[in-house]
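**Q** The chain contents come next:
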Amino acid sequence: MKGLTLERRAAAGVREVLAVPVLSVLGGLLLGAIFLRATGHDPVAVYREMVTGTLTTSYGLADTVTTSIPLILAGLAAAVAFRVNLYNIGGEGQIYLGAVAATGATLWVGDTAPAVVQLPVLLVAGAAGGAAWIAVPALLRAWFGTNETITTLMLNLVALYLVQYLILGSHSFWRDPDSPTFPKGKPLPDAARLATFGTTSVHLGLVVALAAVGVVAFVLRKLRLGLDMKIMGDAPDAARYAGIPVRRTMVVVLLASGALAGLAGAVEVGGRTHQLDPNGTAVGFGYTGIIVAALARLSPVGVVVTAVLLGVLENSKSVLQTMSDQVPLAITTMLEGAILIFAIGGEILVRHRIRRRTAPVTPAAQETAVGETAAVETAAEETAR
Amino acid sequence: MNHSVLVSTLAAAVIAGTPLVWASLGALLNERAGVLNLGVEGMMLLGACTAFLASHATGSAVVGLLAGALGGAGLATVHAVSSITLRANQIVSGLALTIFGSGLARYLGKPVEGTTITGKIGDLPVPGLRALPVLGPVLFDQDALVYLSWVACALAAFYLGRTRPGLNLRAVGDSPATADAMGIRVAATRYAHTLAGGALCGVGGAYLVLRVVSSWNQEGTTGGQGWIALALVVFAGWRPLLVIAGAYLFGLALRANFALQGEGVAIPAELLSMLPYLLTIVVLVVLSVTKRDGGAPQSLGRPFVRDER
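Sequence order for the protein chains is G and V. Every position in the first sequence, counted from 1, becomes a number in our numbering once 7 is added. Heads up: the second sequence at position 41 corresponds to 38 in our numbering, and the numbers run straight through without jumps.
These are computed hints drawn from the structure, not numbers from a lab. Please note that the accuracy of each hint is not assured.
Stated by the list, open to error - Below, a sample of chain G positions facing chain V; criterion: calculated Cβ distance under 7 Å:
{"#": "1", "residue": "L114"}
{"#": "2", "residue": "V131"}
{"#": "3", "residue": "F151"}
{"#": "4", "residue": "G152"}
{"#": "5", "residue": "T153"}
{"#": "6", "residue": "T156"}
{"#": "7", "residue": "T158"}
{"#": "8", "residue": "L164"}
{"#": "9", "residue": "Y168"}
{"#": "10", "residue": "Q171"}
{"#": "11", "residue": "G176"}
{"#": "12", "residue": "D183"}
{"#": "13", "residue": "A337"}
{"#": "14", "residue": "G352"}
{"#": "15", "residue": "V357"}
{"#": "16", "residue": "I361"}
Fair warning: this is a prediction, and the values are worked out from it, not measured in the lab. The C-beta atom is built at its ideal place from N, Cα and C for all residues, glycine as well.
Pulled out of the complex, with its shape left as it was, chain G reads as follows (with noise of 0.2 Å):
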């Protein structure tokens, strides 16, 4: 890019903040509308299709805000671990064991217990479910600084295979027993089950998942975690100086992180599925969580908002399967795919400014703009990490 240069902002203003998700989306919608066209689809007809169908009717938008719950749980596992630098990409496999807890625990509690027992039983335990995936790789992380991006990555693998397992390849306690033929998860006890909100879909766990919004931008904004948490993100080495324990802060960061996705799969179970179901369970929600957070630039409660929009194009898979024009679902996929590669490209427009090269500075006045730029830059390239 000869002629441009970037120069770094001080603090971005509202509008780049705004402005980067906005075009992303717009930039993601307009790359598929290309591919529709090139394939022989109608790109508004499809587009107007995927509105109307998970927005405008009360029964799809009970359905987008029933599949943004999770998402915002996954988002908000994404997000605090990425604000302290630490990238668990595990969510996938924290939900899959949130699952597994959550449906093991309100299943060995029975039947007869009631719901002011089970609730509490299903969230907790699919909420320690979680953090005990991730609890591995955290102290490794903390202590002999082993990459939590590989380790979390290949657990949410292995807890593809082990909810597999539990229900295809074993006769396990998840597995139903009245259903030899297809296997199929045990049902969760009637008190287990989240309510409803009327005849819609939308179920309590939407309570949760706001509830979990409010108590991590408390903790964030109000707490000495959340200032710990700022500077280990801002500045990793001057945190070491200022006292912070940063192992602990590491370990506490990350098994609040696989709690929020454990907390994601158990309503997921207490509220859709009500079983351990080994192909219906948020599949794949725990990298549209990373997606959620990214888009709300890792803000708590930005995340709800992208939870929905993420809601509406998970969702619309169902309408789409409707339409007369046979639109490959896959559409939506790469819509998330695009959004997310156009968000993260442009958050270095939130981060600096292009500027035309100017002619040559004086060799003095450059000196002194390198050395103050240079370590702001280099600050900002320790956080990018």
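Position chain V against the provided structure of chain G, taking the given hints into account.
**A** Using the frame of chain G, we list chain V on its own:
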């Protein structure tokens, strides 16, 4: 287990391991340049799709392979632009690549779902060597892409260890600032190896459809093999020749359950499928506890910004 079952299982492990050799070698080149690309699964799947479509249209396996390489490299370009030029977070960019790539592959592959191709990779036994006991049928009664994968890994090992551009590449991956000061073009080197790596991942995906299965299956063509390939790079300590051994070991884990079931040994398939991932975690743990990097490029995953104003 009798002799013929053992031999056929080992031969199947080689076939199952070959897409992993290609894709891992691609990921290895990416990573040696300091670029972590979690988009391997997406590049493999898109490469599989473009290879299938090209072979479907032309009936030629060679055209299919080229299309697969192009598909992988094309997708890798997106990662190169975002992570090298735009300095985006490489982890998220790579994941985005996997999501977009698998969406695109399924979108493009939808019209040919369930069809089969005739332009496949054929057997190419090596005269003489194929008659060797055990080794013959396992290693030398395979196809051209198996042999070429050994050549590619050997060339990569030579390139990394013995040639000037290869040493420059390692400098870029370990210490881009030093490389830059030495006059090596960091961004160009990273671009070149990200694209080359993408092409190799595409070949890995292409091999899956042109050799292993000859139909296009929307959901299960790669089935997470891109993640195994990424694991394999760590497992092999970023060394090309060890990639081959690791790939066949992981290939055996993918195929062993069939043989074991035949022998009446019931190890659940799901537990065997976990093995590559668990082994990789164990390797990572051992490396970090013993404070060794295991050959990991020092600047893996870090964008490089030259302090120029």
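**Q** It remains to establish, for every hint, whether it holds in the given structure.
**A** Here's how the hints hold up against the structure:
| no. | hint | in the structure |
| --- | --- | --- |
| 1 | L114 | violated, 21 Å |
| 2 | V131 | violated, 27 Å |
| 3 | F151 | holds, 4 Å |
| 4 | G152 | holds, 6 Å |
| 5 | T153 | holds, 4 Å |
| 6 | T156 | holds, 6 Å |
| 7 | T158 | holds, 6 Å |
| 8 | L164 | holds, 5 Å |
| 9 | Y168 | holds, 4 Å |
| 10 | Q171 | holds, 5 Å |
| 11 | G176 | holds, 4 Å |
| 12 | D183 | violated, 18 Å |
| 13 | A337 | holds, 3 Å |
| 14 | G352 | holds, 5 Å |
| 15 | V357 | violated, 11 Å |
| 16 | I361 | violated, 11 Å |
Checked against the numbered hints above, the structure violates hints 1, 2, 12, 15 and 16; every other hint is satisfied.
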